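J.: What follows is the residue order along each chain.
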Amino acid sequence: MRNLGWLRVPLIGTYVFLYIPIIVLVVMSFNASKMPFSWGGFSGRWYSTLLNDELIRQGFINTIIVAVGATVLATILGTLLAIGLARYTRSAVLEAYALTPAIVPDLALAIGLLVMFSAVGMTLGLHSVLLAHVVFGMAFVAAVVTARLGQTDPSLEEASRDLGSSAIGTFFRITIPSLAPAIVAGALLVFTLSLDEFVIAFFTDGPSTPTLPIVIYSMVRFGVTPEINALAALLLLVSFTVVIAAQRFTRISDAV
Amino acid sequence: MTSPAAQGRGAGRRRALGARFVFLGPGLFYVTVFMAIPMLLVLSYAFLKRGRFGGVKMEFTLDNFHRVIESVYVSVIGNSILIAAITTILALLIGYPTAYAIARLPRKWRNLALVLVVLPFWTNFLIRTYAWILLLNSEGPLNKGLTAVGILHEPLDLLYTRGAVIAGLLYAYLPLMILPIYASVERLDNSLIEAATNLGASRARAFFTVTLPLTLPGTMIGAIFVFVPSLGNFIVPELLGGGKTVMIGNLIRDQFLKARDWPFGAVLALIMVALLILLFAGQAAISRRINGRGRHA
Chain A
774 MRNLGWLRVP LIGTYVFLYI PIIVLVVMSF NASKMPFSWG GFSGRWYSTL
824 LNDELIRQGF INTIIVAVGA TVLATILGTL LAIGLARYTR SAVLEAYALT
874 PAIVPDLALA IGLLVMFSAV GMTLGLHSVL LAHVVFGMAF VAAVVTARLG
924 QTDPSLEEAS RDLGSSAIGT FFRITIPSLA PAIVAGALLV FTLSLDEFVI
974 AFFTDGPSTP TLPIVIYSMV RFGVTPEINA LAALLLLVSF TVVIAAQRFT
1024 RISDAV
Chain B
19 MTSPAAQGRG AGRRRALGAR FVFLGPGLFY VTVFMAIPML LVLSYAFLKR
69 GRFGGVKMEF TLDNFHRVIE SVYVSVIGNS ILIAAITTIL ALLIGYPTAY
119 AIARLPRKWR NLALVLVVLP FWTNFLIRTY AWILLLNSEG PLNKGLTAVG
169 ILHEPLDLLY TRGAVIAGLL YAYLPLMILP IYASVERLDN SLIEAATNLG
219 ASRARAFFTV TLPLTLPGTM IGAIFVFVPS LGNFIVPELL GGGKTVMIGN
269 LIRDQFLKAR DWPFGAVLAL IMVALLILLF AGQAAISRRI NGRGRHA
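So the sequences go chain by chain: A and B. For the first sequence, the numbering used here assigns the number 1029 to the last residue and increments by one with no breaks. For the second sequence, the numbering used here assigns the number 315 to the last residue and increments by one with no breaks.
Source of the hints: derived by calculation from the structure; they are not laboratory data. In this text the structure is predicted, and so the values were computed from the model without any measurement. Be aware that a few hints might be false.
As the list claims (entries may be wrong) - Here are the simulated EDC-like cross-link-like pairs (lysine to aspartate or glutamate), alpha carbons at most 20 Å apart as the crow flies:
id	chain 1	residue 1	chain 2	residue 2
1	B	Lys67	B	Asp81
2	B	Lys276	A	Asp826
3	A	Lys807	B	Glu157
4	B	Lys162	B	Glu172
5	B	Lys75	B	Asp279
6	B	Lys262	B	Asp175
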């Protein structure tokens, strides 16, 4: 720290910038007063009103349904795709094509899917959000697993085949176990992205089944209330816990 | 007559073809149905007339493109590019020294420093934006704090300004600038900088002639990571700009969900994507030139 010289200023400044809004939010979520900007003492009452809010509870359940479904589908499709790209083709064009959904702006993907779903006359609901989340989820899983495949040795699979194992046996006993860490990392990534995803869900969801981000959006549009503060602080706690837990399994320096 | 060996090769090739289909088929089919076809539909809608209740009429027209030239829309697109550019430049000015400082930290602190950078990024985007509504409110802590210290005599209107939109975008995407720059600074070979200073270059000169060019690819990736999501964002302008700062994302959202003029929305989306493709092409060209120079030198 001492040998950084003036670089300490931007370093500390960045952390202040990143954490002041979060600290403000958490402190205000414990404000007993119903007036958001006058301090009425310390209280956890908004957290208990939150737990009784039917809209938020339903939104949470909807989000979990979408995230679990999208994660399962995206993990299976993305893993197969990654193996196919690494072992059965050398086409850079195919690889770019398969990974594009990860970099397409979410708004462009969102309107594309809305247009497509309405062109085929599909009713919108949680199923359409789920299908939409699989598109980018699959690309992220494929990207993570492809990176891992670059490090694994294909001669293990060849040895297994030479020793008489079937193609399917080799796949489940050699290929999948050696890719397991990357598959789990990819699945976790999709799950977290899907939980938080708003733009695509906003365009592809039906009005009667809002996901939690859509519920939050409709709440924050109408300004500051103590309930949102509590909900926001609670979600911060959840994502901080998940990130710190994930840290224990994978080191961030490997991911960057 | 074919030899047994050739027959074996033929069977092997058929198997490889089957495996290729099993592994690549489902994923490529999915990308085609849920990304390529939707994108092509949007592209074709740009040339059709609007339907009465959303959707389109099957009649070819170029009117949608003519409408974009109306001054309202030109100024919204210009404004979006300006806001995204200012956000990117600020992120660069803050992010570069921060990433550089993190890479210079003792190894045991580096990991923690990076986790602290990405931690806010993994929280819900709406929540992060909402935090700024609280912070910038006229009765909020920033105004109260500045008034209490005596810097301000009366609260400033911080919220619902262009500055608030830029602050919100910067807050949302700064980690995306810091990470790739960190990665390229961390990979930097320190002996090159030592060589430059040993040969008499000042530290500033060594930075501008050695460090900066070598970290330029990572810096450009960071700039793209910030610019791209800033340009198409409609949440931050809506929540922190209060409808006064309209960006191209708001316009596209409104055409699809409010005005129900899908063809015009499609044209606006095409313009946004075209801008981003230009950006990627520029970045690719610059990094090719840098790599080329490195190889010849």
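J.: Against the structure, test the hints numbered earlier, and report the numbers of the ones violated in rising order.
T.: Of the numbered hints given earlier, the structure breaks just one, which is hint 2.
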